[in-house]
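Make the full structure from the sequences, and use the hints.
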Amino acid sequence: MQQPAIQVRNLRKSFRKRNGFRKKKSELWAIDDVSFEVGQGETYGLLGPNGSGKSSLIRILSTLLIADSGHVNMLGLTLPEQQEEVRRIIGRVSVDAAFYKKLSARENLLYTALLYGQKAHEAERHAMEILEQLGMENAKFSTPLEEMSRGMQQKISIARALMINPPLLLLDEPTTGLDPKSRRDVQLFLENLQRREGTTILLTTHDMAEAERLCVRIGFLAHGKLVAEGTAAQLMRRAGAATLDDAFIKLTGEELVEEEMVLVED
Amino acid sequence: MEATMRQTWAFLFRGYHITRRYIGWVVVFNFYALVTSATVALIGVAAQDYQLTLKLVVGALLWNYLSYLYNEIAMSIAYERWEGTLEYTFMAPVSRAVHLLGVSLFSLLNSVVTSVIVLVGLMLFTDLNLRGVNFFGVLVVLAVSTVAFVGLGLFAAVFPVMSAERGAEATHIFQGSLLLVSGVYYDIDVLPRWMQPLSAISPATYTLSACRKLFGVGNSSSTPELLAGASLSAVTHELLILALMGAIVLPLGLWAFVRIEAWAKKTGKLKRTG
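First to last, the protein sequences are chains S and X. My numbering puts the first residue of the first sequence at 1, with every later residue one more than the last. My numbering puts the first residue of the second sequence at 1, with every later residue one more than the last.
These aren't lab readings, by the way, just hints derived from the structure by calculation.
For each label pair, taking beta carbons as the anchor points, the in silico distance ranges come out as:
hint	chain 1	residue 1	chain 2	residue 2	range
1	S	41	X	262	28 to 38 Å
2	X	252	S	195	48 to 58 Å
3	S	88	X	252	23 to 33 Å
4	X	139	S	179	56 to 66 Å
5	S	250	X	252	53 to 63 Å
6	S	9	X	266	12 to 22 Å
Okay, derived cross-link-like pairs now, SDA-like style, lysine to any residue, Cα gap no bigger than 20 Å in a straight line:
hint	chain 1	residue 1	chain 2	residue 2
7	S	250	S	227
8	S	101	X	21
9	S	119	X	6
10	S	101	X	82
Per the computed footprint, the stretches of chain S lying under chain X, defined by three or more beta-carbons under 8 Å from a beta-carbon of chain X, are:
hint	segment
11	59 to 71
12	99 to 113
Ideal placement from N, C-alpha and C gives every residue a C-beta, glycine not left out.
See below:
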């Protein structure tokens, strides 16, 4: 039997929080005994409201956060012991497209390519191909990031993650805040990528329709716990719900609506 | 090896393009460095004392070089925190030693350019004749002291990792303390007695002491027409101490940075936004 691409066992992560001046520190569990597996070439979705632990989980898998306890294995490599090796096999897209905003898309991407020890001209060609597939004009390649829309910045962010050809892609709300056209471009690209390259994708999102469209299996995360897992159909059947939205509310006792309204206001 | 060279080049590539985009501000900051140095040097000119002028010029020049080097290393990390790109640098398969080497190399180039601009500018404000200065010796001292100052820069770079909001300001406290105790513009013995031992642990103290000897400051054989710069062997003591400091401070700075990175990853302090 093929080894899972991502194996997470009893993962726990807490943060200390100070309650007011001179008051005792309390522990806030961001991830509370979470276990799941993602098969090779599978797209697995993690759904949950803000503060449910999605980003913390992605950050642990990205080697940016060290868990308190538990086991993480990614394509046979364990964290945090083999973090140097893990960094070579992962690409990450976060909700905030962090770039050197004064630099052009080309300069930002070449910097990343060099950082990964790649040849600049080969990496540039690869990045151009990815951006074309994402529906971006070549002329934008020389535009400083600060002059680009959020949708365009997010496409550059995806190109940055993919130009190193990672077998594992960690996507933390990659389409949040994008306009419908950009959102569709990104979703279509991810579908094609998964089909063509067999890339394993771990996707966190607020968007039920996106999760249903892209993910083979979905996990519901609430208050740091994985409360349910399965295909969209299995989750709806288990909750006795007609939609994934309803299944989420029934199984977690949470609603995504409030967070989505906040994002619209932003 | 080839990949490591490319990774080191990545930081020079990034630094060059960021400098290019901020070129207007770079000109302003270089102008500011020149103006502040000239202000100090003119105290000597006003006193009509070429030895004092020379002492102040050497102090201003070296302080520009060393503080710029230190500051650039620390600020490059602060800049990454502001932009939120530090996470992506930390996620890349690049060792911290290569990362900080690349950052330090670019900072070194920047410091050399600024120092040359300040030196040329100061020559316009003073009528100093630099004939007789042991320039080779000065370059050797600067090369040796650079290692220690890169180490101090790595220590200072720890602050922006600890706090994105206040870390950059904290680096200036460290810098200001070095300025106070290192005898940049005055002799160390004017400091309160209890503070004088602190000057012994600042690499700037030995850099300045050595360079002043190599410029001929305080040498009774020096004249305004021909300075009596000391030979390199006359500053062996300072060179040895600087080499020793570099050998201790550089690995210690790298160690401190790696430790604070691990701390930030445990406490979640790396997260800037999102």
